[in-house]
Amino acid sequence: MTPSTLQRVARRAAGLALCAVACAGCGQLGVKPWERDLLARPAMQLDASPVANGIDDHIYFSKEAATGGRAFGGGGCGCN
Amino acid sequence: MQLSAPAARPDRTTSRSEASGPAMPDRRDEPAPVAASSPLRAALAAATSTLLAPAVLAQGASPAAPAPATAGATPLSSASPAEWKIDSAVLFYNEAGGRVRAIEPVISARRTDGNDTTLGLKLTLDSLTGASPNGAVPQPVPQTFTSPSGESTYTVAAGAPPLDTSFHDRRVALAASMERPFGEAQRLSLVANVSSEYDFQSLGLSAALARDFNDKNTTVAVGLALESDRSKPVGGTPVGLRPAFGALAERKPDETRNVLDLLLGLTQVVSREWLMQFNVGVGRSTGYHADPYKLLSVIDGTTGLLAGDRYVSEQRPDSRTRVSVYWQNKVHLTRDVVDLSYRYYQDDWGVRAHTLDARYRLELPGLAGGLYVEPRWRAYRQSAADFWRGWLVEGGEWSSTTHRATVSAASADPRLGAFKANTVGIKMGMPVGRAGEWSLRLESYRQRPDRPAGAPGALQSLDIAPTVKATLVLFGYSTSF
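Chains as they are written, first to last, in the working numbering: chain B, 6 to 85; chain H, 228 to 708.
For reference, chain B alone in the conformation it holds in the complex:
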């Protein structure tokens, strides 16, 4: 993937997220309480595997310059 492609993806992501925020403010998005059956599945949780995700964050924190985003970055490690 080229940098320009990634930058386009980034711009679109930001645009879509802003749209989501705007729409949320209007109450256009969302479901009724009885429509949450799929959202309640463990597989649909944003952090479905917290311990594994914590390990992931630790690995990439120690190998790459970027950190954070999903959660607080760093994490008390002298590895980077």
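Hints are computed from structural coordinates only; laboratory data are not their basis.
Don't be surprised by glycine CBs; every beta carbon is placed ideally from N, CA and C.
Fair warning: there could be bad hints in the mix.
[What the hints assert, rightly or not] SDA-like cross-link-like pairs, simulated, lysine to any residue; straight-line CA separation at most 25 Å:
| no. | chain 1 | residue 1 | chain 2 | residue 2 |
| --- | --- | --- | --- | --- |
| 1 | H | LYS696 | B | SER67 |
| 2 | B | LYS37 | H | GLN413 |
| 3 | B | LYS37 | H | GLU500 |
| 4 | B | LYS37 | H | ARG562 |
| 5 | B | LYS37 | H | THR561 |
| 6 | B | LYS37 | H | LEU560 |
| 7 | B | LYS37 | H | TRP501 |
| 8 | H | LYS647 | B | LYS37 |
| 9 | B | LYS37 | H | VAL447 |
[Said to hold, decoys possible] Below, a sample of chain H positions facing chain B; criterion: calculated Cβ distance under 7 Å:
| no. | residue |
| --- | --- |
| 10 | ALA316 |
| 11 | LEU318 |
| 12 | SER335 |
| 13 | VAL497 |
| 14 | GLN504 |
| 15 | GLN609 |
| 16 | ARG642 |
| 17 | LEU643 |
[Claimed, not checked] Listed next, the stretches of chain H that the computed footprint assigns to chain B, with coverage defined by at least 3 CB atoms under 8 Å from CB atoms of chain B:
| no. | segment |
| --- | --- |
| 18 | 422–433 |
| 19 | 472–486 |
| 20 | 557–564 |
| 21 | 572–582 |
Using the hints, position chain H against chain B.
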């Protein structure tokens, strides 16, 4: 900190398809009744579970994800028995070429009481051995370095990437967390974590508050984290941009670093099948940021061979400001689930990074036990820090006459250089018992550095930007009772 989602929390979700009527939320970790025996029963069960389920996403306390800033309604009952959830994993990490090997077991225990207050404890052990790049550039002749302790030497073969073979470390980290309802439609979470290595100690505190809006379809969260680190390098802290070895090398006492992080999050239910999260994080750290074990080579600008003082300790700025934007989507297809996230990162060191992470959870209903497989692809790329150098040129950035640099900061740490990385892997999961799961994850990580431009003389024919290849195996087990 994982910011909250207004989706119903699975481990609080009561599957009422077999129940006689609305009841208090129990602590069963059953998913909602996706496939109930009749449409009416399914609708009733889904509605009941949703109405009673606090919109909380649970996660264990983690140094990397300290505060589960969760949101959700106050439960209707305080009579439910306490529930325990145990989450554990062991990571085996192995880099090719005799580089880093790590074993990292983690265990997390959380207890939720009848007042919907969750207390958690998480223990992480980390054992690393192997060899780590010391920052020097390969040469057409063998190179000998003094180990950080100053008590031994190691020699690197001609043309080989200089790796410090004395690399080993053990880390113990402990995190304690508390999460509870905090007023109407709000949740508060607090996390404290300590981490200790023989040459590094860290203490962190974080707090997060999340609030639901829009019929729990929107959750806004704000989190604050503080971290205080102390670095106690073997052999003392090298003074940056000084000759690394010999009489001219200078050492100083322990160094400290303080970090302040702010994270704002928005979680939005888009539809019955689509949940998204949008985070913005800002962090500022001050103090010692250098790697005390990293060097730079001083080379002749024509021949590419070592010159003058030969090796110099690295120096980084004494502050760093980071910004990240993160967007995650969970999309439920007919049966499978897609997890797609993107992160943009930049800091005032000049690093810009893009991370794309895609997972596809493929349910295998034909097999007993609810087995699933989850392929994953992660793509990452970053630009180099402004002060990153593959080497210092004698008479250019470095003078072996004055033994001083003409630049204020320089590092050859490959992690601050420009590179692309890819992770490809697959996870297999097998639900067991009530909300428990066995899992096995196999992944391959490749980090391909951009070759530094303008390599002089002998460096042109050497692999001065070697690829890092790592294999990850992760066993996981979780249960609740």
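Please check whether H:ARG642 passes as an interface residue: C-beta within 7 Å of a C-beta belonging to chain B. 6 Å, holds
Residue count check for the segment 572–582 of chain H against chain B: does it reach three with CB-CB under 8 Å? holds (count 7)
Taking the least C-beta to C-beta distance, is H:GLN504 closer than 7 Å to chain B? With Cβ-Cβ at 5 Å, under 7 Å, it holds.
Coverage assertion for the segment 472–486 of chain H with respect to chain B, Cβ distance below 8 Å, three residues required: Violated - the segment 472–486 of chain H has 1 residues with a Cβ nearer than 8 Å to chain B, which falls short of three.
Going by Cβ atoms only, is H:GLN609 closer than 7 Å to chain B? 5 Å, holds
Would you mind confirming whether the straight-line C-alpha gap from B:LYS37 to H:ARG562 stays at or under 25 Å? The hint holds at about 21 Å.
What's the verdict on H:LYS696 and B:SER67, does the C-alpha distance respect the 25 Å limit or exceed it? 14 Å, holds
Run the distance test for B:LYS37 versus H:GLN413: straight-line Cα separation, threshold 25 Å. It holds: about 20 Å lies between the C-alpha atoms, which stays within 25 Å.
For the hint on H:SER335, just tell me whether its beta-carbon gets within less than 7 Å of chain B. 5 Å, holds
Mind checking the CB of H:ALA316 against every CB in chain B and telling me if the closest is under 7 Å? With Cβ-Cβ at 5 Å, under 7 Å, it holds.
Starting from B:LYS37, check that the Cα of H:TRP501 is at most 25 Å away, please. 13 Å, holds
Is the Cα-Cα distance between B:LYS37 and H:LEU560 25 Å or less? It holds: about 19 Å lies between the C-alpha atoms, which stays within 25 Å.
In summary, the structure is inconsistent with hints 8 and 19 from the numbered list given earlier, while agreeing with the others.
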